[in-house]
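Residue numbers (this note's numbering), protein chains in the order written: chain U, 15 to 341; chain G, 902 to 1230.
Everything labelled a hint here was simulated from the structure, so no lab data went into it. Everything numeric in this text was worked out from a predicted model, so none of it was measured. Possibly wrong hints are sitting among the right ones.
Claimed, not checked - In silico SDA-like links for lysine to any residue, alpha-carbon gap of 25 Å or less:
| # | chain 1 | residue 1 | chain 2 | residue 2 |
| --- | --- | --- | --- | --- |
| 1 | G | K1193 | G | E1215 |
| 2 | G | K1006 | U | A141 |
| 3 | U | K53 | G | G1177 |
| 4 | G | K1185 | G | S923 |
| 5 | G | K1150 | U | E65 |
| 6 | G | K932 | U | G192 |
| 7 | G | K1161 | G | K1007 |
| 8 | G | K1006 | G | G957 |
| 9 | G | K1150 | U | L58 |
| 10 | G | K1150 | U | M336 |
| 11 | U | K53 | G | S1153 |
| 12 | G | K1150 | U | L56 |
| 13 | U | K166 | U | A136 |
| 14 | U | K53 | G | H1143 |
| 15 | U | K53 | G | R1084 |
| 16 | G | K1185 | G | Q1205 |
| 17 | G | K1064 | G | R1084 |
| 18 | U | K194 | G | G1148 |
| 19 | G | K1150 | G | K1093 |
| 20 | U | K53 | G | F1140 |
| 21 | U | K235 | U | M336 |
| 22 | G | K1007 | G | D1147 |
| 23 | U | K53 | G | G957 |
Read off the chains here:
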Amino acid sequence: MAELTLWEAIRRAHDEEMANDPLVIAMGEDVGLAGGTYKCTLGLFDKYGPERIIDTPISEGSFTGIAIGASFLGVRPIVEIMSVNFAWLAMDQLFNTAAKVRYMSGGQLEAPIVMRSPGGTAHQLGAQHSARMEKVFMGVAGLRVVTPSTPKQAYGLLKSAVRCNDPVFIYEHERMYGLKGEVPDGEFFHPLEGSEVMRSGSDVTLFGYNLSTHWNLEAAKALAALGVEAEVVDLYSLSPLDRAGIRDSVRRTHRAIIVDEAEAPVGVGAEVMAIINEECFFDLDAAPVRVTSLNVPVPYAANLEHVAIPNPSWVVDAAKTMLGIGG
Amino acid sequence: MDTDQKKHLLRDMLFARRFEESCYEAYVERKIGGFLHLYPGQEACCFGVMSAARPGEDYVITGYRDHVHAIACGADPGEVMAELYGKANGSSGGFGGSMHIFDVKKHFMGGYAIVGGPFPLAAGMAMALKMKGQEAIAICFLGDAANNQGTFHETMNMASVWKLPVLFVCENNLYGIGTSIERSTAELDQYKRVAGYNIAAAMADGQDVVAVHDAATIAVDHVRNTRTPYFLELKTYRFRGHSMSDGGKYRSREEENEWKQRDPVRLLKDALVAEGALTEADYKAMDRELLKRIEDDIVPFAEQGPLPDVADVEAHVLSPDLRWARGEV
Ligand SMILES: Cc1ncc(C[n+]2csc(CCOP(=O)(O)OP(=O)(O)O)c2C)c(N)n1
Ligand SMILES: [Mg+2]
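Using the sequences provided together with the hints, build the complete structure.
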């Protein structure tokens, strides 16, 4: 097993999939000659050439449409949107075409594209560069949404997303590309559906995904020092959410905290709570709570950003309150 | 243009250059966060156009490379700097940051970070000016690569059909981050791209502030008098990276050096020296004075400014006027 950074893991998946199938292409702004904004396609321009690693103009709406059109005829595009904030411009084609064409055509046509994009808050990037809008993608039937919290997931999810015949949106976290972790040396396809127990515990489940999973692991350590054993469940599949995994964990711990870097309304926390209600309400010892950012556009000033966005101490505090631990 | 006006422009452009360099230093010292896009190399574009327009009266909008445009509209440079520092005395109170400078009192209607977003916003302001019968015009400064967004085409069409008093200034610095215009754009001359929308257009040398001023005078007069749009392309070059995280591997040092021979500040200074209107010593004195202003006034204003009050983090999300929300009318 090699230790790779998250961006290296994504690059390896691109490389293997492009080597495997000449119809796999990557496209986006600065993915080619410049090597990718977060280096996820570094070196591949030289290896596969400009016809397969395509530098696009700043035309998100239409290059996404072009990728979808190409996918109708068998091409497997991996579209990188430089930052998820710009994905709003691509949503029309992604939602209205890619997510619906199988259905509208009665199963005749499909749009197996992968769209990858980094998002999240990353130190004072301001209101138009700090979007956490996975909830928007999650709300669209016909689209799969996955989000890696480790290099292993990043590698294996992209591999599976390319092979899967559905459109898949991969939400990556802007602050996590440098994160290191073990990735199996052999080829491996991570399931697109499911969740992963990152730490077992008996007292409370901390649900999260990508960055918030890491907050939860940190919070779990702090809670262990207080004698609380938290279970950390990583929801790498945001659509569909893993109902069974959520239920099973709550049945073990009887308490749930959902930690989300996004604002609360219409978010992951609300969905997970609904699943808990539907699946295991009578197993609960406490009302589930959410830890989310404030419901504001992300402010620029460092001190304002700090109070708007959650961190592990918010998770610890929520758990202490839930478990009635003072101090 | 008379000598006095040229000297004014020299001072403005040199100030902008020094201001941006001081932002660079503060960023390296981690006093400024987020993304920072600097303007050196392109000063003649902004000041040449604004010298032909009515700063403070005409409505100006641009992208994320916005500090100098705000200042050219009359924004206080100290407040701009304080915004970069994330301070309460910043132009947006610390809520915006480098990419989102606003000074609405000075009709600087903002910096926006989504490429191509300002095109329709500018046309919309022009529509409002038309409806209200005002003499002011809207001016939209954007880069070359923004012209590949759908908003460019859609807005040009509507601005033309609806006869909107808007001037589009394209600062064509030949790159959109790391992708050169040859690799992204089918027509290299941007002003030709609006022909299909029946919009009057021209191109000028964006390194020569007098040439920009002259071209912009025609452009501004056209918009103000005919109340129809105009598209002005300025060929220019940014001397620094796209933002602070730019490794610069996509263009050659030779190309950069060639463009630096046509530094807009130096070209104007040399012209004034050749005219006998300025000595090298005058120029040095001017430079010292501007640097002193930045060091003694502007940077301390930002450094000593108070942090925003964290209790205000939820301010500005929605209107404080809750009468309609609550049915109290
Ligand atoms: C919709 C959108 N896509 C991509 C980006 C990322 N991005 C920021 S600036 C930029 C290049 C813009 O180039 P140009 O319009 O020529 O302006 P310049 O930076 O050269 O002044 C890109 C791709 C963005 N901010 N918004
Ligand atoms: Mg450009």
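**Report entry** Hints violated by the structure (numbers, ascending)
**Finding:** 1, 3, 7, 10, 16, 17, 19, 22 and 23
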